[in-house]
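Residue strings, one per chain:
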Amino acid sequence: MRAKLFYLGLIASFIASGALHYLHADSTLQFVVSCAAIIFVAGFLGKATESVAHYAGERLGGFLNATFGNAAELIIAIFLVRDGLFDMVKASLTGSIIGNLLLVLGLSVLAGGLKFKEQTFNVKLASHNASLMFLAIIALVIPAVFSRSFTIKETNMLSIFVAALLIIAYLLWLLFSMVTHKTELADQVVAGHAEEEHPAWSAKLSVFLLLLATVMTALVSEWLVGTVHEFSAQFGLSELFIGAFLIAIIGNAAEHSAAVFLALKNKMGAAVEIAVGSSLQIALFVAPVLVIASWMMGNPMDLVFTFYELAAITVAVLIAKSISQDGQSNWYEGVLLLVVYLILGIAFFLV
Amino acid sequence: MRAKLFYLGLIASFIASGALHYLHADSTLQFVVSCAAIIFVAGFLGKATESVAHYAGERLGGFLNATFGNAAELIIAIFLVRDGLFDMVKASLTGSIIGNLLLVLGLSVLAGGLKFKEQTFNVKLASHNASLMFLAIIALVIPAVFSRSFTIKETNMLSIFVAALLIIAYLLWLLFSMVTHKTELADQVVAGHAEEEHPAWSAKLSVFLLLLATVMTALVSEWLVGTVHEFSAQFGLSELFIGAFLIAIIGNAAEHSAAVFLALKNKMGAAVEIAVGSSLQIALFVAPVLVIASWMMGNPMDLVFTFYELAAITVAVLIAKSISQDGQSNWYEGVLLLVVYLILGIAFFLV
Amino acid sequence: MRAKLFYLGLIASFIASGALHYLHADSTLQFVVSCAAIIFVAGFLGKATESVAHYAGERLGGFLNATFGNAAELIIAIFLVRDGLFDMVKASLTGSIIGNLLLVLGLSVLAGGLKFKEQTFNVKLASHNASLMFLAIIALVIPAVFSRSFTIKETNMLSIFVAALLIIAYLLWLLFSMVTHKTELADQVVAGHAEEEHPAWSAKLSVFLLLLATVMTALVSEWLVGTVHEFSAQFGLSELFIGAFLIAIIGNAAEHSAAVFLALKNKMGAAVEIAVGSSLQIALFVAPVLVIASWMMGNPMDLVFTFYELAAITVAVLIAKSISQDGQSNWYEGVLLLVVYLILGIAFFLV
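Chains as they are written, first to last, in the numbering used here: chain A, 57 to 407; chain B, 57 to 407; chain C, 57 to 407.
Please note: incorrect hints may appear among the correct ones.
Pairs involving identical chains hold if they fit within one copy or between any two copies, as the list cannot separate such chains.
To be verified - Listed below are the simulated DSS-like cross-link pairs for lysine-lysine, each with C-alpha atoms no more than 25 Å apart in a straight line: (1) K173 x K238; (2) K171 x K321; (3) K209 x K173; (4) K60 x K173; (5) K171 x K260; (6) K260 x K321; (7) K209 x K260; (8) K171 x K238; (9) K180 x K60; (10) K209 x K171.
These are computed hints drawn from the structure, not numbers from a lab.
Make the full structure from the sequences, and use the hints.
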């Protein structure tokens, strides 16, 4: 009965949100309906992820979730790059990285920590994630440092070279973590895991529903993002703040709720995978692909982020690494992540 | 007999030091007598801390020691803030942080390490301390980075906001470490712990004597600090060096000797708590309280430290984190901390 | 038979390379013959190191290897310092540090990881190495930061003071790691270790051959370095790139192959000791000795490295620390180190 009502709400809010978007309805109305829709599709995505995780393991489920979530962002970003809106793209990439590492991870850790005294996840994976996050920082800091004395052409050459290396490193990471060292990085089986409740979907249906939920999320996110600009203009917010905070928060709403949902079920490994894995994917795959795609389109975007963006990303990585490296989490670590997010939020707001 | 002589020396040197101070005696005489007095009150503080630690556990004892030690500094700093001496306040906060993380911790680790091959302390606490130290760095770096393009008003707004967040984070940390996760962060019971010698004071008397010792230490520290200026003027030292090194070393003399004292008794957990806990308290509580207090007094002090101060604090946190994160210490780690302190000392001396 | 051919090739290529060098033969011919010779002497050095390691333990063997390898570099650098070529010296020190931490360590970890799923080394040693690497960064960053507002005389005073502290810290490290805490930092005995094949040399002969191999390596390295300049001039490469990459790669060829050789024999502890130990020795001993030697020669070199060099060293230390701190390695960690090396390589190439 409760499930039926849920799916009714999901379909109704999704259709209403789409209709209002294509009919160019009043933006306030669009905003409210899209917010309702995003809550439903995020819930749907959570269920589908959980079902896939049941068959594929927590990590693969988390990876699929992160990938489909970022696929939507990648598509939106390619359109922005085509139009030459590089600053907006970089701000939203920055926002996604810090949003995932601080807000999504922070909320998950806090929510899970309020329910369970201590939650654990694979410590080797946490250690590898930390090394990859350092690679991400290095790949952003080095072009920023060296481009000071470079010509535009040299900066673009360095950016393309670094982008190609990052894509190779990311693909080899998938080979490593999903094939050669899959077992070592897996979460330990929790006793009684098999008896947990989850939707009674077959493996194939679960994958199909995960795809469907992702596409729906991407669409609703886009409709919602479309209404944000008008709102922010009314309140006099800067492009940097909108890109790095508003769009990132709303665009990642699905990841947020899916991760929190999993943390509350004590599946911290999957929650971390969504948050950290998503950040890594943006830094090591989405950003480099945009650099290479823009170069192929004849209007190359470089990898040089502003000093503020670099400071925010570095700070987010350092605190997330410090907190996650022991493979354990508790409520206070969630508080720390959220405090850092708030500090960055007010700083960007005031810029 | 030996104990009686100690208390006789304590009372005599304390009264003499106070008398010379209020009689405005010759500053050289004041300096020598205050130095003698600080050795006695520090020894008294060490005994009282040990006795409280006996009843309350090593960590709570260390926390009380750090708190009362910093309470004195906070009071002195508020007077300086009232007079608008912001640079001097920030220099002495910087000096307290690096003095505790490098000098106090370094001396404790070295002294303990020369007596015991390896000393251990709670590794989870070390990990949390490291995350809190990162929060402290972030809270100081972000205002410094962003204030470049800010107006004074925006810088003050950011400072007040960050200060409020730090105070909340610090209070939640007390809730976490003293209430919800007290057991997880406690030092493991050392076999035979109960039979150790310690002053035969009751729990209530121990707390009272700890308070008394702290007040005496605060007074003697202040008298000693008062004589330092005349000395340093004679030797042509800069305000930055005086604030960050001389005042910090003498003002924290009690913490120094209490921590070394505990390390020599193989109570490394309490020694680390004094050194690291005191630094954290200054960065996450004393500094923010000064920002908010100055704002209420109508002459707001911001959280923007100089580039030199930030470099010194960052460097101190990184080496202290690297050394303490495994929950073990040995003499060479003490050497490393002291070497970094000396490098910073000569750099500040030459500025 | 195979061994005989090896020693025949070693002697022939060594003599030919030396003869061509002193006869000032065609530089292309010199380059090719020296390359062949370096492969043979590196192989010889590897055998001698392995034999010494058999008697002395993996770590002492690694330390001896690192020391003799750097002795050659120290001698070459002293000649450069005498001629006032400070920038070239600093570039080659930078190159040696990042070459060892990224290229040598990366190739060893990758090669070993392709053969063994997971290799281990002493985790306490890795932790201490990390702290020493931080000391190295601090010792380079602090003079660079503070020298901005210093006179040349003050910068030299700070450099000499820091150099003296680093030499003391390094000598105490040898005392700590080779004497007082030798057992704690040793690699665990691998089952069946004693039965491994190794050259049937006595302990004394092994040490003599290690010395001989080191001297031969130093000579061939120098001859090879001599030919590099003409090559690079033809291809229009910058002094910075030559110093930091070409000279460092070729000059450390022996360390490279010895470390890879040991990794393939699953002696990861010795491989890490060569790579990390060699970097530490350069930062904490070779560089300070050059500062003090130049001061005694009346033409003082300071410890102020360029911003690019500091960024490269910091980045190399951070990723190497992140990867080595768990005392385990796998092929993907080798990939990460090499990717960072390539990113730095292209950045320095474009400067």
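Structure versus earlier hints, numbers of those that do not hold, lowest first: Violated hints (numbers, rising): 3, 4, 5, 7, 9, 10; every other hint is consistent with the structure.
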